[in-house]
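Undergrad: Chains as they are written, first to last, in my numbering: chain P, 1 to 362; chain F, 1 to 362.
There may be inaccurate statements among the hints.
Only some residues are given here: those of chain F computed to face chain P with a beta carbon under 8 Å [stated by the list, open to error]:
hint, residue
1, HIS31
2, GLY238
3, ILE254
4, LYS257
5, ARG264
Hints were generated in silico from the structure; no laboratory data involved. Note that the coordinates shown come from a computational prediction; the quantities given were computed from them, not determined experimentally. Using N, Cα and C, we set each Cβ at its ideal position, and we do this for glycine too.
2 protein chains.
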Amino acid sequence: MVAAPRGPDADPPTMTRATIRLSIDAMGGDHGPDMVVPGLAVALVRCPELTFDLFGDRAAIERALLPHQRLAAVSSVHHAAVAIPMDAKPSQALRMGRRDSSMWRALDHVRSGGAMATVSAGNTGALMTMAKVCLRGMEGIDRPALAAIWPTVRGECIVLDVGASIGVDTRNLVTHALLGAAMSRAVFGIEAPRVGLLNIGVEEVKGLEEVREAGQILRTRNFPGLRYEGFVEGDDIGRGVVDVVVTEGFSGNIALKTAEGTARQLAQYLRMSIGRTLRARLGYLLAKPAFIRLRDKMDPRKINGAVFLGLNGLVIKSHGGTDAEGFASAVELAHDMVRNDLPRRIAADVSALKELELADAS
Amino acid sequence: MVAAPRGPDADPPTMTRATIRLSIDAMGGDHGPDMVVPGLAVALVRCPELTFDLFGDRAAIERALLPHQRLAAVSSVHHAAVAIPMDAKPSQALRMGRRDSSMWRALDHVRSGGAMATVSAGNTGALMTMAKVCLRGMEGIDRPALAAIWPTVRGECIVLDVGASIGVDTRNLVTHALLGAAMSRAVFGIEAPRVGLLNIGVEEVKGLEEVREAGQILRTRNFPGLRYEGFVEGDDIGRGVVDVVVTEGFSGNIALKTAEGTARQLAQYLRMSIGRTLRARLGYLLAKPAFIRLRDKMDPRKINGAVFLGLNGLVIKSHGGTDAEGFASAVELAHDMVRNDLPRRIAADVSALKELELADAS
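Isolated chain P, as found in the complex:
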């Protein structure tokens, strides 16, 4: 049962609990609707107040919706003629997809107020560029950030920026600290998140000038709603010594990918070590549930969904190579952030930023 397509302005279906309407780029990721639609079905089971506007190839989406009756009943399908290829350069994507692509239409639906957030598993660079053009940065924020949720031994922390803005800039780092703290409050309910600036060497005077300046500002300004804890190093992230780790996009992306790579490397070492002796293989079989739990904890699909912060609208990026389970995680993250009123909270925090006048900021 595919619901008749409704315009973005139509009323959401009547439900007992306030619905949360999300805008979905159905063509994103390596498998498009065949991964996205089952992912929505999974998310809907866990978050029954979700409703969806899906953008993309109508025939493909409706076909994918056929086995998911409940999902179809809370979804509207909007045809978009263009799907942005996963390998398109951002400028190409903007040229070919502005107005008519599923990605653009999904973003524009958030801009016009038709949905509270959008989720896309599409090309990161294209999504970032289109999101900036379509939604624009919030007042006072020059460069939005891509924030990742990072597992730690104590739980989870937020690391930003992991690739949206390259190059370090004092004001930018301070802004990211405030954005990250707002997200930590909204997603994890931490009233005054501990914030650290990623740097190299805590005891010596070294590292970039801009990082030191940002540290001084965070220390002296005493922004409400965050506790500045000073510099942290790469090995402090996983130890969970802070709730928010702030850095610029190049080093943040390298840290994220290096951690993912190290996790995969250790898993491979483990397999190689275990394959060596019968005794080790037997031990592994016995301890297998523990390993699966371990692998799950480090599985990028389970922590799927980076968030673009600082735009006039919430944009959640899911891994392109993810499966339905991974996409569902990203959708649930969107759900949690809308439920916790992240956009309004960020807007409130950003007003604090306006007081910031940094003569020396670039």
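Fit chain F to the known structure of chain P by using the hints.
TA: Here is chain F on its own, set in the frame of chain P:
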């Protein structure tokens, strides 16, 4: 039996095989001679052609040498009045320790030709600064690099810079590629090492301008003795897709520390997972040798020793918090590099650099 102190210019003891003379900062690290001297004794067992000049507090060194008769027989002790504190800033260290510190004297001994390389577990920033002042950069190299040996699923690779030069610079990146390739040839015997530039996203046009420029130069110049493989991402390091990973010091240091932290985090997850059920604990006991091998592979002490490349003399930095076993690894790395004639090879490679004229380099 403590050997009578001999001047740096005295002949090394007669041995059947050509000796390799190293200059040792005996006061470096958290435990000074009590860690350094036993470390030398361990290294001497594995590399019997080593001989040492030790610099530091004579009484403390001679006391530490007492139980190590063989080591004492191949060691000369040189009194140095000052020990650089582990938390001294580089400028402080230079003020207080130039001329009279164990660190400076050990470096100066290499400068004057008394030893082929120096090993210190002291303060990294101080060592770096003193090394630059004392040994100076090789002709054609503005900024020396700190190179780390990084374990991969295929073996080991070299990552540089991991903290000596902060801020990205095209010419610097190209120089580091050549230095890293020379080290790879000398340490691992790889004739034409595969070299990658660390970047974010391989398929999109993003990342820093300087990284792209360096990539173009490496691609078009076709330097002899290295194969340029293009950009690599953080998760490619541990996969061993290249033999040398080139980046600037800030992101390199963050990558290194993040990988170390992730390894520790996974070990902790594993302990937590395993503690949960009797079955998992039993499995762990059976598979324990495999885990120990795994832990060893990721143990920073076993891969202890970063190398300052690009100076007129070899300087090996051992972790400050290491133990005798870890210090021995750093000493053995020094041994291997001297035996393989790294300084001369680097000098030869650097002559290729002189042809480099980068109008657009900063």
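Undergrad: Give a verdict on every hint.
TA: For each hint, the structure was consulted:
1. HIS31: violated, 18 Å
2. GLY238: At about 4 Å, which falls below the 8 Å cut-off, the nearest Cβ of chain P leaves the hint on F/GLY238 intact, so it holds.
3. ILE254: holds, 4 Å
4. LYS257: holds, 3 Å
5. ARG264: holds, 7 Å
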